[in-house]
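Asker: Protein chains in written order, with my numbering: chain A, 1 to 289; chain B, 1001 to 1280.
What the hints contain is simulated information worked out from the structure, not anything from laboratory work. You can trust all of the hints, since none of them are fake.
Derived coverage of chain B by chain A (criterion: at least 3 residues anywhere in the stretch with Cβ under 8 angstroms from a Cβ of chain A; other residues may be distant):
id	region
1	1037 to 1048
2	1104 to 1115
3	1140 to 1152
4	1204 to 1218
5	1221 to 1234
6	1252 to 1261
As the structure is a prediction and not an experimental result, all values here were calculated from the model. Don't be surprised by glycine CBs; every beta carbon is placed ideally from N, CA and C.
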Amino acid sequence: MQKAYSNKKIIFTLVFPGLLMFTFAVLAPICLSVYYGFTDFSGLGKFNFIGFKNYQEMMKDKNFWMSLRNSVLLAAGFIVIQHPLAIITAALLDRMGRKAEGFFRCVYFLPNVISVAVIAYLWKFIYNPNFGLLNNIAKLFGFSGKTNWLGTGTAIWSVLIVLIWHGFGWGMLIYYTGIKNIDPVLYEAAAIDGADNKQTFLRITLPLMKPVIEVNVTLAVISALKQMETVYLLTAGGPGNETQFMANYLYKQAFSSFRYGYGNAISVIFVLICILATRLLSKVFPKEA
Amino acid sequence: MKGKKKKLTPARIVMWFVLLVFAVIQIFPLIWLLDFSFASNTEMFTRGLLIWPENIRWDNYVTAFVNGHFLLYLKNSLLINILAVILVLMISVMMAFACTRMHWKLSGTVRGLILLGMMIPIHATLLPNYIIYDKLHLTDTIWALLIPYVAFSLPQGLFLTGSFMESIPKEIEEAAVIDGCGIYRVIVVIMIPMLKTSLVTVSIMTFLNNWNEFMMASTYLSSPKWKTLPFSVLEFTGIYASNYSVQFAVMALTAAPMVILYLILNRHITEGVAMGAVKG
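Isolated chain B, as found in the complex (with noise of 0.2 angstroms):
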């Protein structure tokens, strides 16, 4: 069946046609938001779907860069993720190692323990968290946003990590403590290695669901110092309230960065995804 050239019989123009339909669904509200980003605040009102502006407005783009503090927000936005992405690595291998190789007596509850992270809401930490983090002067830092995203990360990271480990055999790094390596070089020179794709796995998951988030960020910062992307969206809506087509213009702005690394990542990010969820 598979390799066949594939003649256009009824039954497959049926489903062309239903693929279309949900593709164009899919597509469809983006290029409209894309369309209305280029138009002015009167061509708005016309009449039809999509707007083909007299001039292309750039400025909506050049107010939605400068006013929406797109620069230091991205700049916030990549050193907080990538940073998340980092930590999580090295503290779900870490850890995996230590509940999946080591032997403790306390091994099945301290992972069963991070496990059980997974079924915890993020938000319902909202309200705790606040206070903590007002107590101890850790809102408007860094560390308001870096600890609970590691956190909230880190059990499906121990998840994916540990079960990949498990399917590694043990005498290749028993071997190496044999002949005297130290465990930490185990970790580095040989495990890791070995885990390419579910550390992979992690890294895309992590960075999708930590680029995107803000409940926690509107909740902990105030001051334009460490926030985040979708701030850029969040505080236009409330300073040009009727101007809308910056209002698309800043959505669109604050969208491409992660459209632009998903079109050239496409198939590790969906690969990603499809395996930490199957699994998770």
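Chain A on its own, in the form it takes in the complex (with noise of 0.2 angstroms):
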């Protein structure tokens, strides 16, 4: 038996196609990243190696700098904002009863299924100036509805709202999964005990979902990172560079700004971030098991 299991050959077969799919279409290319990176290639004709001259440049760059912050703040929208609204919203669904349990879980998480092309060019109208939906509701509280919500010092905030508005109902879903994995012998001890609704929550919930709330803060973190294709499409990074995001950022150098080499510098960079910050937060969230 042991012989069956350690058969070269079978292995080699089981393995070879998953591992040569994943090396030509993740590894090579980062490692092909790394060596334009050293290059000042426009993308087309000739080109020369140049050493780290782009990475110096990067850390001089202001647009990658406003590019890290924006995640940063993206983040920070998601792990003050988003989650915490979606904690409450799953601990009070777990409360509901089956049939309106299961229609706000639907209701939450259907925007979750939209392509973002369409949740980005919905919003898009939702700002538009002249009859998107977001200054219809302002004109109906009294304001002027005349804003550029897009416009300079407020787009960044709209982009905000509408990646915390988009991830909701995911970030609801694991937490009320969380919540429902909790034993209820707990809840009815505590009911015994005479604990009110805030003390519950307060002091069974939110510690016993702690391993929950650690991935999703992780993976928030993450995707804040990893935020391409809503910006591409909603603002392409503007005004200027305001709404700027690093995955965004370096499709541009490349395509648009012709600077195919500095792109793949911010690539690298942009690999290693994410790999770090994960890393990083394995570290700061220890797993107990």
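Two independent chains are provided; combine them into the complex using the hints.
Answerer: Here is the structure:
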């Protein structure tokens, strides 16, 4: 039997297709990025090796730091606004009873199954100064309703709202599942001891949800770093580079500014930052199991 | 506490209110989208939140359906995503079996390498992959989407099937192997049926992630041949820049297949996502 389990030929056939595909589509391109990151390649024609110049430039590039700042802002928005609301909603939902729970869960998650392309353009229309939903709502409350939501100064907040809105159902669902996994006996014991709803939530639900919160916070930070598609369609990083994010910025550098080499250098740093952030978060939140 | 009939106490009214407010925030933009897709361009600029269209403008949808290449792009999306799911499932199970059951030196290294993929941002590969696919003449072919879709779904697939497989006792398949059953047959006949729940989760996550993807698609494709559903929306904003109601219609139309699928499979999808996310 040992022989069957260590048959090299069989192992090779099992592992090879996946490893080949992964190498071809993920690992090789990253190595290629490292290579092009050391060049001044424009995307066409010849190019020179320029050592670490791209990286030195990046350190001084305001837009690169703006992209990082925006990722930090977005992560903060997820953690400070989206997640507390999602936990509270999940805790309330848990008390609703079967039919209402199913209905609300279905509604909350619905935006997540809709393509980012649709979501981004839908919000572009919601923010539209002429017929947009948001200005029409503002008018109902007596405002002029002429705000340019995606203009200078407000754009980054408008982008954050879309992303917080879009991801709300996903976060809620995971917290809801976590709360459902809490043993109901604990709640009964708390009720017998005379704990009110608030105490039960703070003393039982929240502490037991710690592992779920940690997973969710990690996911939120990573997705804030990786953000691209919504911004690409909603603002393209503009006005100026106010709503720039790393992935969008490297794309823009390569395909609009024809600085393919520089774009690749940003790619390399982008990958490093994502790996570093994941590692760091797993150090901050060590797994008990 | 559970099972008891719930009375409408003030606390419960507040709960209902809070949950309804969030429901309205989540759903109202979508209702607004649907509403405006039936209106005419002039009606859009009236006051008020929703429009009661004088005539329901089905022609918006006709334009969206015909000029948005809806059927072609839907077919492409379905084909590419179903193939991607099948490939991810096959490769994940094969690799998971090799990494959790078989004895070989590099088992841990290979698994770790693939799992590293969960941290790597998809968009960091856009630039180099464009050059690679261009050189290999893969741009504008189905492979330009299928390969990266499968490769980027693989880490999560391997993670979920791998950790599920570890929780299955080895005795059953070992008995089969002693009786002379080959490894491939063990995987197909014994392993796959036991992995059912995690395979459903992997399928749902893979499908959801790739169905909505358009960044790679718009980088690696230029002809309509393999373009996927999001392109109906992307192309319309250029062609019908000032015809807003048609743009609303194309957005509602391209969202429809997934929304319908979601409403039918609601339970399975939310449970699959919850399981995939908590574990992953």
